[in-house]
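Participant: Sequence:
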Amino acid sequence: MKVGFIGLGQMGAGMAANLLKAGHDVAVCNRTAAKAQPLVEQGARLAHDPADAARGSDAVITMLANDTAVEAVVFGPYGIDRHLDAGGVHISMSTISMGLAERLSEAHAAADQHFIAAPVFGRPDAAAAARLAIVIAGAPDAVERVRPLLSAMGQNLITGSQRPRDASLIKISGNFMIASVLETLGEAVALMRKAGIDPQTFLQVLTSTLFNAPVYKTYGALIAGQKFSPAGFAAPLGYKDVGLALDAARSLQVPMPLASLLSDRLLRLLAEGGDELDWSAIAQLSAADAGLGERS
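In the numbering used here, the protein residues as written are 35 to 330.
Hints were generated in silico from the structure; no laboratory data involved. Heads up, a few of these hints could be off.
[To be verified] With a cut-off of at most 27 Å between alpha-carbon atoms, the simulated DSS-like pairs for lysine-lysine come out as follows: (1) K36 x K55; (2) K274 x K69; (3) K69 x K55; (4) K274 x K251; (5) K274 x K228; (6) K251 x K228; (7) K261 x K274; (8) K69 x K36; (9) K251 x K261; (10) K261 x K69.
Just so you know, these numbers come straight off a predicted model, no measurement behind them.
Turn these sequences into a full structure, and let the hints steer you where they fit.
Facilitator: As C-alpha cells, this is what we get:
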C-alpha cells in the first residue's frame with residue numbers, strides 16, 4: 035500500500051521501518067527532517083510536509099506526542115484533511131483525547147475520508163520489533179483495508195469498537211493503570227530498600243508468583259535498577275496521559291481519586307527537573323520520601 039507516516043520519534047521511527055520491511059511504499063514526514071534520513075536510506079520517500087505525505091496515499095498514519103501536534107498536522111495550513119484523497123484513511127496511532135477523536139471522525143467523514151483510531155501499547159523496543167499491541171476502532175471496511183499496515187507494526191491487533199473515541203479511551207485508561215503500577219512498585223521498592231532487602235530479589239518473587247505480567251517485569255526492572263534514562267516513555271507524556279484520563283473522568287462524571295494522585299506525583303517529578311526521565315522515575319519520589327537519598 036501507499037502510505038504516509040507522520041511522526042518519527044522513538045516509536046514512530048521503528049513503526050515506519052517495519053512498514054518498509056513489509057514492502058509498503060512509505061513517505062515519511064517529521065518536524066525535524068534529519069530524523070527521517072535513516073528511513074530514506076532504507077527506501078522511504080521524504081515528504082516535505084503533511085500535505086505531501088497525504089497526497090496520493092491510500093492511508094496516512096500519525097504518531098505524534100499530543101492533541102496539539104495532531105491538530106496541527108490534520109487541520110493546519112498543510113493539513114492532511116484537505117490533501118488526503120476521498121476514500122483515504124487517516125490512522126491515528128497516538129494517545130489522544132476522546133474529544134479530538136470525535137472531532138477527527140467528523141472532519142474526515144465530511145471530507146469523504148475515513149478515520150481510524152489505533153493507539154498502541156508497547157515501548158520503543160516493541161515498536162522496532164513489530165510486537166506492539168494495537169487497539170483498533172473505526173468502520174469495519176476501512177479497518178480491513180488497512181489491516182496489512184497494522185499487521186506490519188503489531189503482533190496483537192484488537193478490534194474493540196466502530197467508534198474511534200472508544201479506542202482512545204481504552205488507551206488512556208490503560209496508561210492510567212500503568213501509571214498506577216509505577217507508583218505501587220516505587221512505594222514497594224522503597225520499602226524493600228529501607229528494610230535492607232535487595233529490590234531484585236523482591237522483583238523476582240513478585241514476577242514469578244502473583245504479578246507475572248510484562249508491565250511488572252519491564253518497569254520493575256527499571257525501578258529496581260534505578261534505570262530511568264534514556265527514557266522509553268518520557269515523564270511529560272505520562273503526565274499528559276494521566277491528564278487525559280482525568281479529563282475523560284470529568285466529562286463522564288466518574289471520580290478517579292488515584293488518577294488525581296498520579297497527576298500530582300508526575301507533576302512533582304517534572305517540577306524537580308525530571309523532564310528527560312522515563313515516567314517510571316516517579317519511583318524516585320517514593321525513595322526520597324523514605325529518606326533514601328536524593329534522586330539520581
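Participant: For every hint, state whether the structure bears it out.
Facilitator: Hint check results:
1. K36 x K55: Status holds; Cα separation ~14 Å.
2. K274 x K69: Answer holds: K274 to K69 is near 24 Å, not above 27 Å.
3. K69 x K55: Given that 27 Å is the threshold and the Cα spacing comes to 18 Å, the pair holds.
4. K274 x K251: 24 Å, holds
5. K274 x K228: Violated - the C-alpha atoms of K228 and K274 are around 31 Å apart, more than 27 Å.
6. K251 x K228: 21 Å, holds
7. K261 x K274: Status holds; Cα separation ~22 Å.
8. K69 x K36: Holds, at about 21 Å.
9. K251 x K261: Within the cut-off at roughly 13 Å; holds.
10. K261 x K69: 25 Å, holds
Hint 5 alone, counting from the list given before, is not met by this structure.
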